[in-house]
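Q: Read off the chains here:
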Amino acid sequence: MKTFVLVVNRLAWFVPTLLGLLAIVFFISHVIPADPAAFVAGENATPETVAAIRARLGLDQPLYVQFWRYILSILDGDMGRSIYTGRPVVEDLLSRLPATLELTLVTVLVSIAVGVPLGVVAALRRNSWLDHGLRVVTIAGLAIASFWFAILLQLLFSMRLGWTPLGGRVEGWGPEQITGFYLIDALILQDHEILLDALQHMILPVVTLAVPATATIVRFTRAGMLNALQSNYVLYETAMGYPRRLVIWKYVLRNALIGTVTQIGLIFGILLAGAVVVEAVFDWPGLGTFAVNSILSSDYNAVMGFTVIVGTMFIVVNLVVDILHGMIDPREVR
Amino acid sequence: MTERLGQLLPAGIGRRDLLKAAAAGGAVLGLPDAALAQRGGGRIVFANGSAFDTMDPHATFDVGRVAYRLNLYDGLMRWLDNPPQLEPWLAESFTVSEDGKQYVFKLRAGIKFHDGTDMTSEDVVYSMERILAVKKGAYPLFALLIEPGSTKTRDRLTVEFNLKQASAIFAATTHDIYVVNSALLKRNERNDDWGQEWIARNDAGSGSYILRRFDPARGFLAQRFDGHFKGPAALSEIDFRYVAEVNSRVLGLVRGDFQGTDPYMPQDQITRLQGDANMNVMEAESTRLFYATMHNQRPPFTDVNFRKAVSYCFDYDGWINNILGRSVVRNTQVIPNPMWGAPKDVAGYTFDIDKAKWHLQRVQVPLREITVAGMIGYEQSMQAAALLQNGLSRAGIQSKLLNEPWPVVSNKMRDPEQMYDMLFLWRSTYYADPHNWAGELLATERHRGGNASYYSNPEVDRLLAEALAVSAQARRAPLYEQVARIAAEDAAALFIHNTKWYGPFRKNVEGVRFCSIGDGQEMRWVRVT
Amino acid sequence: MRRILRKLAEDRAALFGLVLIGLLVLAAILAPWLSTHPGDVTEFHTAQRLTAPGAENWLGTDRMGSDIYSRLLYGARITITIAVTAIAVAVAIGVPIGLVAGYYQGIGSELLMRVSDIFLAVPQIVLAIAIAQTLGPSIENVILALSATYWPFWARLVYAETRSCKNEPFVEAAIALGCSPWRVMVLHILPSISSSIIVRTTIGMGGTILTAATLGFLGLGPPPPTPEWGRTIAEAREFLPMAWWYAAFPGLAIFLVVMGFNLLGDGLRDVLDPRLRRAARHDK
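Chains as they are written, first to last, in UniProt numbering: chain A, 1 to 334; chain B, 1 to 529; chain C, 1 to 284.
In short, the hints are calculated from the structure, not lab data. No false leads were mixed into what you were given.
One-sided excerpt, in silico: chain A residues whose CB lies under 8 Å from chain C:
| no. | residue |
| --- | --- |
| 1 | Leu155 |
| 2 | Leu272 |
| 3 | Ala273 |
| 4 | Val292 |
| 5 | Val303 |
| 6 | Val310 |
| 7 | Ile315 |
Heads up, the beta-carbon is just placed ideally off N, CA and C, and yes, glycines get one too.
Put together the whole structure using the sequences plus the hints.
A: Written out as structure tokens, the structure is:
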């Protein structure tokens, strides 16, 4: 029952949040620019085109009418056409979504695999040289500009040493499209060559993206562990003579991990944002590269479409994480 | 006609060039196509710096995206080799009427499209009408010359073009009348769109290769068309990848992921590739003018003294000697030096801030901050803009830089309202005739077409019209020389240098047949060993 | 206050952060005197382009032959201008909103918080890109884009702190004594929550500098010849791997400065944040 209330509660907030996101994007695209029609037209269209677009989109109407229409068109899956590719923005974005999802999902897994143990160790050996070292390293990981780090990695591993490919998702055209996730497609097709190749192409982008994500996970896991270690029941169990190791595994880690799970939403956000530049540096054919190309081409519809898609994904992830968290930890229900 | 392989040497072959070509194993001459077919397979992966956003042969005109036009489609005539020769291609011959206004082209018999349909004169007519209707790509070449509906078929293989006035360059531009499969396209028309939606991602050609895969984010993959009217091409597959980053292109070439790439990169990278033992950076004299437009219709550029002042602000020597490492030659006027019709006596402008200031004091209109644009992805263009800005500020002219990608730039060029004050770009060869530069860049009738400087001078217009009305090169040459002199004196635009072509390929690539039209991207004769 | 400084002085990492920030400020102020080629923000020496680091050009030269070291120093000015102004604006918007919304409860506050939640629901860089793209590349627009996307952080924080603070005895006493709401907010609540704001602002500086550099890298920052660090790295890419110094040093500068703010912020949080302080006491 509690879970049901939680789900309903969170879903109830989902719609206004989404509307709010659309409102912000609407504000940016329709209110900030001096001539929105020129922006929708792509800033480089002829005056006739601009005039036609103004009439077609009803930009002479009051703002609330425009907003209403905007929402209807987005719900209809219409984000306009890309000036650059000439295709509907939605199609372009969806065709690039699997590449970005694959990259971010692999990065999340890698970050958790590395970050959680490090966080646990840092908490257990609080104030040791390891803890202090990790503190500086994680702060550094959050301070590094991902586009610069990406370039440094390329410079060293691709250009100087020649160990990794410089960019791209796979050499050649990739496996036959089944899911769009190359790793999964290659597994389904049992094509080990492509699988290996795809993995090689992933190394540098994943490392670049994983640095800030791992740093975040280490810090949260450490904080969660410390909190749990100092909680009364742990002190009690220890006082009752339970072996410390058992207490840690059984109670502390579980509670600390719940804290980490709630941060995955945040980490996903970091990754989606990071993907914008990291993908562009590594020529990764995902949403990020698409966004950067659109920025460079002043492809207005595409940039706004990208904002809506990424914002929506972010909101959905947070929603799912919230609900999951509520299920794991019933105390969270408010 | 015998096809020649490995022909990338200009008429004046230098000893060094010859040795190079021999070293590259590219000097296999006189091999007929039939022999090629037996060599069978092989593929080339070519890294392209420009994205292929469409596969419509009538939608683009730039060199950056020329590969699909040349390899998937055929034109009536085709420019080949260097210096470029206009060779019969789909058409086996053509005749011109006495008054120079009617051209009759005779198609070869037995030409097949990729789907097996026979090509007829109907397809040529449809293609011409399509170019005029779609109004993209090569449209400006024909817009003023050919009325929609005026092109007619005489019989299955004969087509007549009826020009509004005589034009000495019409035949030269038929390279760009890419013939599409009209029956196929008509089947795929939607709302009278001339099949634009469909052909943007599909193939309706007769060219040496058939489109197999296309993804704007990746590029295109094409397979040999064994039924090509000139016999099958040498390679069984060509893979043109869109690789945005110069570094990825260079490194991929060095690693062997790519066998060739385009030369649009800083000269420093070319130099680096030249030092690599596995590379064969081909070189050829070319006719490609690097220049900057000046918006002649917008003050203060309306004042000739301002344009001259700006012309004195560019560090030509620093540009050519230091930034481009002497890889190019100064071109003081509009027509590339090796082209006939280029005057040899134009001293041009130098980097001279004192002279710039002298002219600036004589400017009659109010000064303002000007916008200097470069093209993203074309490092040289952005660098030249920065270099000019530096000179301008020393002369006391305020300016701001703006870098935008080619699709945006090309749209703005066509609109005098939106065109930048100045823009650094190249004028490539689309047809080997001085009119390709002097006419396209300076004629008033080419406003919104090639004349992005929106320069207008009645005397120049008169000379250009006269040069088009006669056909003898001996009579036309002095007219173009005169146009070039006037434009230089008017400082119609900022003329900088004529490029040299560098073709970065791996050593195992043979048979690249460079032509300044298409920049050597036609893969028909290429072999990879 | 002295206690805080003493505790901070014990935290070597935070001190190091402070030193890095100090260096940035010094570099910005003293750029004309520290630089070896002060004119090279605008001057080119094409004959010396892409020279490796050496005696004449300590950190090498760029594609136009300008001294990278000198341009980095002047770039510090841009970085400081952008970060300080953007954060100041964000704080100036976020703090009052948070205060008012936290103090008065009701539909209005709820709405304000929902709006800031929505802003927080989209990755900052994505919104900043959308705004900067709309406005066009310039320093002012980068500042606008950043402050428009960062204010909700302060609004959220101040809102939460204000609400918990409102039930504290000293605030209730002030209200009981008949202080005007304005007086209570500014003179009683704000000082007691200022430490959280300071921590958040310090860390926010780092994030803002990173985002600004990213915008610059994407070509949405101030246009050339401004020696903005992010754009310099973007410029350098075409000349790799030959001119490694061209890309390496501007990135290093960004890294050190952001690191400085993050270290200091981390140290400040340990010292200032009462909850963490409590945790620390448990530990000893």
